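Fit the two chains together into the complex; they arrive one by one in their own frames, and the hints show the way.
Residue numbers (this note's numbering), protein chains in the order written: chain A, 1 to 77; chain B, 1001 to 1318.
These are computed hints drawn from the structure, not numbers from a lab. One or more hints might be untrue.
Subject to a maximum C-alpha distance of 25 Å in a straight line, what follows is the list of computed DSS-like cross-link-like pairs (lysine-lysine) [claimed, not checked]:
no.	chain 1	residue 1	chain 2	residue 2
1	A	35	B	1289
2	A	64	B	1294
3	A	70	B	1186
4	A	44	B	1186
5	B	1199	A	12
6	B	1155	B	1294
Non-contacting residues of chain B with respect to chain A, defined by C-beta distances greater than 12 Å in every case (computed) [unchecked claim]:
no.	residue
7	1024
8	1039
9	1067
10	1206
11	1236
If you anchor each label on the Cβ, the simulated ranges turn out as follows [as the list claims (entries may be wrong)]:
no.	chain 1	residue 1	chain 2	residue 2	range
12	A	76	B	1296	41 to 49 Å
13	B	1233	A	44	43 to 51 Å
14	B	1167	A	10	22 to 30 Å
15	B	1300	A	2	35 to 43 Å
16	B	1170	A	67	31 to 39 Å
17	A	26	B	1044	34 to 42 Å
18	B	1240	A	44	32 to 40 Å
19	B	1005	A	56	56 to 64 Å
20	A	25	B	1005	46 to 54 Å
21	A	10	B	1202	15 to 23 Å
22	B	1044	A	56	38 to 46 Å
23	B	1167	A	21	34 to 42 Å
Quantities reported herein were computed from a predicted structural model and do not represent experimental measurements. Glycine included, every Cβ here is placed at the ideal spot set by N, Cα and C.
Residue strings, one per chain:
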Amino acid sequence: MKIEILGSGCAKCRSLEANVREAVKELALDVEIVKVDDFAEIAKRGVMVTPALVVDGKVLLNGKVPKVSKIKKLLTR
Amino acid sequence: MDPILAFADWLVYGVFGYEAGTHAGDAINFFVYDVIKIFILLMSMIFLVSYIRTYITPEKARKFLGERTGIQYNLMAAMVGVVTPFCSCSSVPIFIGFVGAGVPLGVTFSFLITSPMVNEAAVAVLGGSIGWAATAVYVISGVLIGTFGGYIIGKLKLEHLVEDFVYKTFIGEGLDPETMAWQERKDWAWGETRDIVLKVWPYILIGVGVGAIFHGYAPEGIMAEYAGKENLFAVPVAVGLGVPLYSNVMGLIPIAESLIGKGLPVGTALAFLMSVTALSLPELIILKKVLKPKLIMYFVAIVTTGIIITGYIFNLIL
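Isolated chain B, as found in the complex (with noise of 0.2 Å):
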């Protein structure tokens, strides 16, 4: 049994005294085992990833894409959006710092769309909640969607849309890819750790609370009668409502993890989650300083079309 279960079982009906099954039991336990479970995932997640990030600098990326197009250059761009980090704050000047030095732009497309989507906070909650298999679809799906969004731009040929400051700036060296010692990359990484955690526990807590009382109280199948897989606007539904939903998704999947509990489908669950770290209104206006509104629009369109075709595949699948 895992022990994790095994210790919130003990504390709620053994030490508590909660009887297991009754509303208040079942979300307490939740409650418990979720916040445990997904804290030492984080945790863990963010550390290790963030001691990879120490070697996977944005300078090296752009040496390493360079000026080739080709639809495995925008998969690579796709994947280093994965590793670097998730603040919106640092999507512009790495926007900047890869098309001014000639990136192309459907190639950094793929990683301005992947980037905000997979970063190892969301899959350290989502693998803590809704588990390994959705989370595994979830960064594959963020992955592509980067990878065939990106593609497409650049198959559409709309560097003009591009503010042309950002051809005309030049481009300069930056920092020596300095050499870090291991105790240094190890400091660095727990500094992220401490960060992040500190920023995401509040939303975190929240979430578990918020999924915890609808996992106890809500009727069983509820979602699956109003959102289930036959009513086919659900996913175009769960999609547009994320869109204005931003800086608490940390806090949203363990809710989407009590909805698919009562019945919500996992392909609608996922696209809404992906919706909500895929396109965000803060991120959208800083990105207006950079990109024309048309460009924005193509953009939002496409990732957006992206993201309901993954959830009705999912839905089909799964």
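So that you can see chain A by itself, here it is in the shape it has in the complex (with noise of 0.2 Å):
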């Protein structure tokens, strides 16, 4: 599993890779995460809104940052 953070750096950003990270601990899951700011790359994702949550190349979350649990769900559906 591949779990992509997508903002150019901005506060909200910042908490939205902190919940998922908090959400993947909680599940124990074995995924990379890695985080993108570069425009053009947040640009082909088709994501406007940042920040965005991209799992294995599906845009599931964008310009919000939810709270541990509904991520929890997210990750697991």
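And the structure:
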């Protein structure tokens, strides 16, 4: 499983990353977490509002920072 | 009588025992009144617009604008700019997402110009300090400068001045426009309100504080004397001063209010605030990633001219 956090370094991007890391830790998932801050790479994934969460190439979230419990649900779906 | 003003009078003159008409009394009354009014408006306005924003996403706007040209699309793009977030960190991804998917450059620029200039937080603070008539002028001018500025950029055929990768970027589908439940929209809007208020409150308090001191202690009419309507340099100088100032626009609005109170013409004050929001160094630096320097110069020149003209027009008619 590959998780990408898309964002250009705004405060919300950092809190999304923190929440995702926490969710991954609680679920004890074996995943690779990558931060994507290049605008072209963000656009390629179809995202216009950051931060966004992409799992295995699929955009699951954009423009918001959900709680850890919601991210856990998204990741286990 | 305005209940907030009644409260401020009661608190400052009654409870604190300051005398009305004294420097300190006027300054503290201005501070209490403005802070309460601005924060009430700020919270309700951000909540309302964030709620609306859950319906108008950039993805929907892009589909709606399509690949059509015509000034009506510039106008629509500028209006989309009003309801999208004002953080400059989201303007570049939206720019790539629009241009890369075929939205004409001029239409995209209408969005890009208006988006930072007109946003709900600035509107709330303007309404709470300078008043709703001047706020309406500000919003309408922001939309029109975006509409015509983008239209001109479209007519100039400057597509070659956009970095090539923008056109070569394959634009993915992104997130399926999800159907949010009412509760979810409400939670999201509340989260936005909290985030924005937590971010801007220190600037507002400092701005109202400086404005209050100026209001209470500066001589009457001092701004009219040095920067009145007959001083034709006042508008361009105000616009020039606005460019390097950026994140503190929320704090500058109450200061502008106190300057207007001492005779600064409203058109000059609005031109200053527009240049603070529309043209900022951090945004220009971010835009360099997608625009060649020449196009950034066109952008700055067109927006500056638009703001200066707006300042003169409102000094003539208001």
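Right, here's what the structure says about each hint:
1. 35/A - 1289/B: 19 Å, holds
2. 64/A - 1294/B: 35 Å, violated
3. 70/A - 1186/B: 16 Å, holds
4. 44/A - 1186/B: Between residue 44/A and residue 1186/B the Cα gap is close to 30 Å, so the pair fails against 25 Å, i.e. violated.
5. 1199/B - 12/A: 12 Å, holds
6. 1155/B - 1294/B: Distance ~16 Å between residue 1155/B and residue 1294/B Cα, so the pair holds.
7. 1024: Residue 1024/B is indeed farther than 12 Å from all Cβ atoms of chain A, at 38 Å.
8. 1039: Holds: least Cβ distance 21 Å, greater than 12 Å.
9. 1067: 17 Å, holds
10. 1206: 20 Å, holds
11. 1236: 33 Å, holds
12. 76/A - 1296/B: 41 to 49 Å: Given about 46 Å between the Cβ atoms, the range holds.
13. 1233/B - 44/A: 43 to 51 Å: 48 Å, holds
14. 1167/B - 10/A: 22 to 30 Å: 26 Å, holds
15. 1300/B - 2/A: 35 to 43 Å: For residue 1300/B and residue 2/A the Cβ distance comes to about 41 Å; the hint holds.
16. 1170/B - 67/A: 31 to 39 Å: 33 Å, holds
17. 26/A - 1044/B: 34 to 42 Å: For residue 1044/B against residue 26/A, whose Cβ atoms are near 37 Å apart, the range 34 to 42 Å holds.
18. 1240/B - 44/A: 32 to 40 Å: 39 Å, holds
19. 1005/B - 56/A: 56 to 64 Å: With Cβ atoms ~58 Å apart, the hint holds.
20. 25/A - 1005/B: 46 to 54 Å: Cβ of residue 25/A to Cβ of residue 1005/B: about 53 Å, so the range 46 to 54 Å holds.
21. 10/A - 1202/B: 15 to 23 Å: 18 Å, holds
22. 1044/B - 56/A: 38 to 46 Å: 41 Å, holds
23. 1167/B - 21/A: 34 to 42 Å: 36 Å, holds
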